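Below, each chain spelled out in residue letters.
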Amino acid sequence: MTTTATTRRAPRTALPGPARLGLERTGAELRAFFRERDAVIFIFTYPLIMLAIFATVFDGQDQGIDGYGVPFAQYFLPGMVATGVMLTSFQSLAISIAVERDDGSLKRLRSTPLPAAAYFYGKVGLVLLTSVVQTGLLLVLAATVYDVPMPWEMSDGGARLATFAWVFVLGCASGAVCGVAFSSLPRSGKSATAVVTPVVLVLQFISGVFFAFFALPTWMQTVASVFPLKWMAQGMRSVFLPEQAAVLEPAGSWQHGATAAVLVAWLVVGLIVGARTFRWRRRDDG
Amino acid sequence: MTTTRPPTRRTSARTTARTTPDGPAVEVRGLRKRYGTKQAVDGIDLRVERGEIFAVLGPNGAGKTTTVEILEGFRRRDEGEVRVLGEDPQTAGRAWRARIGVVLQDSRDQAELTVAELVRHFATFYADPRDPDEVIDAVGLREKARTRTRQLSGGQRRRLDVALGIVGRPELLFLDEPTTGFDPQARRAFWALVRSLREDGTTILLTTHYLDEAAHLADRAAVVRAGQVVALDAPDLLGGPAARRPVVRWLEDGAWRSERTDSPTALVARVASRLGRPDGEVPGLEVARPSLEDVYLELIGDPAALPADGPADPVPPTRAPAEAPGTPDGTSAVVAEEARP
Numbered sequence: 468m469t470t471t472a473t474t475r476r477a478p479r480t481a482l483p484g485p486a487r488l489g490l491e492r493t494g495a496e497l498r499a500f501f502r503e504r505d506a507v508i509f510i511f512t513y514p515l516i517m518l519a520i521f522a523t524v525f526d527g528q529d530q531g532i533d534g535y536g537v538p539f540a541q542y543f544l545p546g547m548v549a550t551g552v553m554l555t556s557f558q559s560l561a562i563s564i565a566v567e568r569d570d571g572s573l574k575r576l577r578s579t580p581l582p583a584a585a586y587f588y589g590k591v592g593l594v595l596l597t598s599v600v601q602t603g604l605l606l607v608l609a610a611t612v613y614d615v616p617m618p619w620e621m622s623d624g625g626a627r628l629a630t631f632a633w634v635f636v637l638g639c640a641s642g643a644v645c646g647v648a649f650s651s652l653p654r655s656g657k658s659a660t661a662v663v664t665p666v667v668l669v670l671q672f673i674s675g676v677f678f679a680f681f682a683l684p685t686w687m688q689t690v691a692s693v694f695p696l697k698w699m700a701q702g703m704r705s706v707f708l709p710e711q712a713a714v715l716e717p718a719g720s721w722q723h724g725a726t727a728a729v730l731v732a733w734l735v736v737g738l739i740v741g742a743r744t745f746r747w748r749r750r751d752d753g
Numbered sequence: 314m315t316t317t318r319p320p321t322r323r324t325s326a327r328t329t330a331r332t333t334p335d336g337p338a339v340e341v342r343g344l345r346k347r348y349g350t351k352q353a354v355d356g357i358d359l360r361v362e363r364g365e366i367f368a369v370l371g372p373n374g375a376g377k378t379t380t381v382e383i384l385e386g387f388r389r390r391d392e393g394e395v396r397v398l399g400e401d402p403q404t405a406g407r408a409w410r411a412r413i414g415v416v417l418q419d420s421r422d423q424a425e426l427t428v429a430e431l432v433r434h435f436a437t438f439y440a441d442p443r444d445p446d447e448v449i450d451a452v453g454l455r456e457k458a459r460t461r462t463r464q465l466s467g468g469q470r471r472r473l474d475v476a477l478g479i480v481g482r483p484e485l486l487f488l489d490e491p492t493t494g495f496d497p498q499a500r501r502a503f504w505a506l507v508r509s510l511r512e513d514g515t516t517i518l519l520t521t522h523y524l525d526e527a528a529h530l531a532d533r534a535a536v537v538r539a540g541q542v543v544a545l546d547a548p549d550l551l552g553g554p555a556a557r558r559p560v561v562r563w564l565e566d567g568a569w570r571s572e573r574t575d576s577p578t579a580l581v582a583r584v585a586s587r588l589g590r591p592d593g594e595v596p597g598l599e600v601a602r603p604s605l606e607d608v609y610l611e612l613i614g615d616p617a618a619l620p621a622d623g624p625a626d627p628v629p630p631t632r633a634p635a636e637a638p639g640t641p642d643g644t645s646a647v648v649a650e651e652a653r654p
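So the sequence lines, in the order shown, correspond to chains A and B. Read in order, the letters of the first sequence correspond to residues 468 to 753 in our numbering. Read in order, the letters of the second sequence correspond to residues 314 to 654 in our numbering.
No wet-lab data here; the hints were simulated from the structure. Computed from a predicted structure; not experimentally measured. Don't take each hint at face value.
Unchecked claim - Below, a list of computed lysine to any residue pairs in the SDA-like style, where the Cα atoms sit at most 25 angstroms apart:
#, chain 1, residue 1, chain 2, residue 2
1, A, Lys657, B, Arg421
2, B, Lys351, A, Asp751
3, A, Lys657, B, Ala424
4, B, Lys457, A, Leu497
5, A, Lys657, B, Arg470
6, B, Lys457, B, Thr493
7, B, Lys457, A, Phe500
8, A, Lys657, B, Thr462
9, B, Lys457, A, Gly494
10, B, Lys457, A, Phe501
11, A, Lys657, B, Arg461
12, A, Lys657, A, Leu668
13, B, Lys457, A, Arg498
14, B, Lys351, A, Trp747
What the hints assert, rightly or not - One-sided excerpt, in silico: chain B residues whose CB lies under 10 angstroms from chain A:
#, residue
15, Arg388
16, Ala408
17, Trp409
18, Arg410
19, Ile413
20, Glu425
21, Leu426
22, Tyr439
C-beta: ideal position from N, C-alpha, C; glycine also.
The task is simple: from the sequences and hints, build the whole structure.
Dropping the structure here:
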């Protein structure tokens with residue numbers, strides 16, 4: 468270490484700011500994420516595989532009631548986009564933070580001058596980039612293989628893209644903060660997947676992802692309305708389905724106001740609960 | 314082992330230290346911490362001077378890690394005053410964390426990144442970090458720089474931990490049981506690394522349950538037992554002169570006798586004249602000074618340790634240090650031998 472003495476610079480500058488460190492963290496997060504191949508396959512390609520399976524099996528069929536229907540792949544795609552966002556935000560963070568808490572990553576970061584905000588900026592960067600890539604892949608698959616019309620090809624394409632943007636961003640944000648909050652629930656890193664996955668699966672079944680939402684029992688629709696996935700899927704349907712498909716919604720309209728309200732509510736609740744329950748150390752670590 | 318060091322060493326360590334506020338690196342008074350019914354830390358006082366290697370020595374569960382984690386700012390104390398680099402770890406902020414380096418006890422995190430990526434990444438957290446490549450060289454991981462963390466051996470992993478702990482150029486480095494599970498060779502290499510850090514002006518607070526580690530590295534050591542400091546001194550002075558009084562053993566009337574005394578020569582002469590054998594010999598005579606390990610085991614209350622005073626139970630005169638208990642891998646016994654005055 469004596470050699471390092473020669474490179475020592477006398478004047479100390481200020482510690483780097485949270486924004487710059489957030490970028491550094493994003494880089495490290497992305498590198499680690501894409502190297503963990505099992506997680507990449509599970510979180511990243513799962514919606515692609517589901518879309519491929521469902522769209523192939525139900526090829527040529529329509530989803531609809533009372534004589535009105537849309538092609539299966541077109542109805543299925545918005546649910547898969549919403550699911551993808553939930554996987555890359557909620558599931559990915561709930562599991563990865565639980566694992567990082569368990570294996571000591573968080574404790575190690577806490578012992579450095581890294582600000583807490585920079586750690587979360589890194590997570591946000593990871594969620595945004597993986598969600599964008601995943602949604603992009605889904606759209607490419609749907610447009611090229613299953614001939615699903617894309618919103619920008621429709622007459623009101625501008626408005627549809629605007630809707631897509633806010634549903635996507637709000638969905639990512641509420642999913643991410645809920646993931647941070649939920650990460651305190653699993654007792655260990657090993658149990659994290661087992662605790663998080665059933666929650667995600669149940670929400671997918673009751674929120675109109677695998678089954679058409681209008682075909683579900685009313686009580687199930689009511690339960691699903693409490694959670695954000697139903698609203699994200701509905702918001703995405705308003706982007707990808709024709710305007711008249713609103714008749715397939717139980718409310719008979721796209722309910723953009725309610726969608727925004729529910730997603731913002733979960734964002735706020737997730738922020739409060741996450742900020743109060745977040746721990747840098749394991750529960751059994753003093 | 315302090316005696317074997319060049320006399321200028323302490324001085325050079327101090328002069329290379331950065332310009333920092335005066336006062337000790339660590340000051341602890343009356344520290345207490347309780348978990349449920351267990352009083353893990355029960356009134357500890359410590360003072361670590363700048364530029365020294367200070368060891369907190371004790372068996373598992375003695376309160377070492379709890380104490381150190383309070384100093385690192387991870388745990389809240391119940392009672393007592395704590396100053397680390399002049400600040401209270403419970404309220405200290407980023408600027409303070411930039412001045413300390415922490416090597417935690419067990420680490421299995423960040424498995425997917427390579428050694429070089431991690432050291433470079435952690436360097437970005439600091440205002441004035443060491444050069445990451447120099448740090449990787451210093452911990453001897455140049456060959457492994459492009460290896461992912463999960464593929465490192467235990468010893469390499471620990472050296473990476475140290476690299477991440479020192480890349481921010483800390484004034485004070487905490488090492489919590491850094492060599493647990495090392496083979497003897499890796500341990501020696503690690504000790505050399507720690508000593509080189511001190512040469513560079515870093516104050517080091519080290520916890521260990523290996524006596525030889527404290528003996529090799531530390532300027533001073535505190536022996537902790539049941540949450541209290543039971544001895545504090547240079548490792549080869551621990552326990553004070555009384556604990557080092559020689560023990561004279563001999564065979565008399567078919568039974569082993571032993572006695573502790575400050576004047577073993579006089580005692581032997583008395584025994585020899587009392588026995589009055591024609592050849593003047595005392596059968597089975599042995600004069601032994603308690604080894605550092607004997608002293609340590611006595612301090613931490615190991616039942617196998619020698620009693621403090623009075624005649625001991627019959628002990629075979631051939632009792633070798635290697636037979637002493639409490640040396641899981643046998644290495645401390647070897648060093649205890651070296652550490653004898």
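Outcome of the hint check:
1. A:Lys657 <-> B:Arg421: holds, 13 angstroms
2. B:Lys351 <-> A:Asp751: OK: B:Lys351 and A:Asp751 at ~15 angstroms, within 25 angstroms.
3. A:Lys657 <-> B:Ala424: Given that 25 angstroms is the threshold and the Cα spacing comes to 15 angstroms, the pair holds.
4. B:Lys457 <-> A:Leu497: Judged against 25 angstroms, a Cα distance of about 22 angstroms means the pair holds.
5. A:Lys657 <-> B:Arg470: It holds: about 22 angstroms lies between the C-alpha atoms, which stays within 25 angstroms.
6. B:Lys457 <-> B:Thr493: holds, 21 angstroms
7. B:Lys457 <-> A:Phe500: Status holds; Cα separation ~21 angstroms.
8. A:Lys657 <-> B:Thr462: Cα-Cα ~19 angstroms, so holds.
9. B:Lys457 <-> A:Gly494: holds, 21 angstroms
10. B:Lys457 <-> A:Phe501: holds, 21 angstroms
11. A:Lys657 <-> B:Arg461: With Cα atoms ~21 angstroms apart, A:Lys657 and B:Arg461 stay inside 25 angstroms; holds.
12. A:Lys657 <-> A:Leu668: Holds. A:Lys657 to A:Leu668 sits at ~19 angstroms (cutoff 25 angstroms).
13. B:Lys457 <-> A:Arg498: It holds: about 18 angstroms lies between the C-alpha atoms, which stays within 25 angstroms.
14. B:Lys351 <-> A:Trp747: Holds - the C-alpha atoms of A:Trp747 and B:Lys351 are around 23 angstroms apart, at most 25 angstroms.
15. Arg388: holds, 5 angstroms
16. Ala408: Holds, about 7 angstroms.
17. Trp409: holds, 8 angstroms
18. Arg410: Where the cut-off is 10 angstroms and the nearest Cβ of chain A is about 5 angstroms from B:Arg410, the hint holds.
19. Ile413: With Cβ-Cβ at 8 angstroms, under 10 angstroms, it holds.
20. Glu425: holds, 4 angstroms
21. Leu426: Since the shortest Cβ distance to chain A is 6 angstroms, the answer is holds.
22. Tyr439: holds, 6 angstroms
Checked against the numbered hints given earlier, the structure satisfies every one of them.
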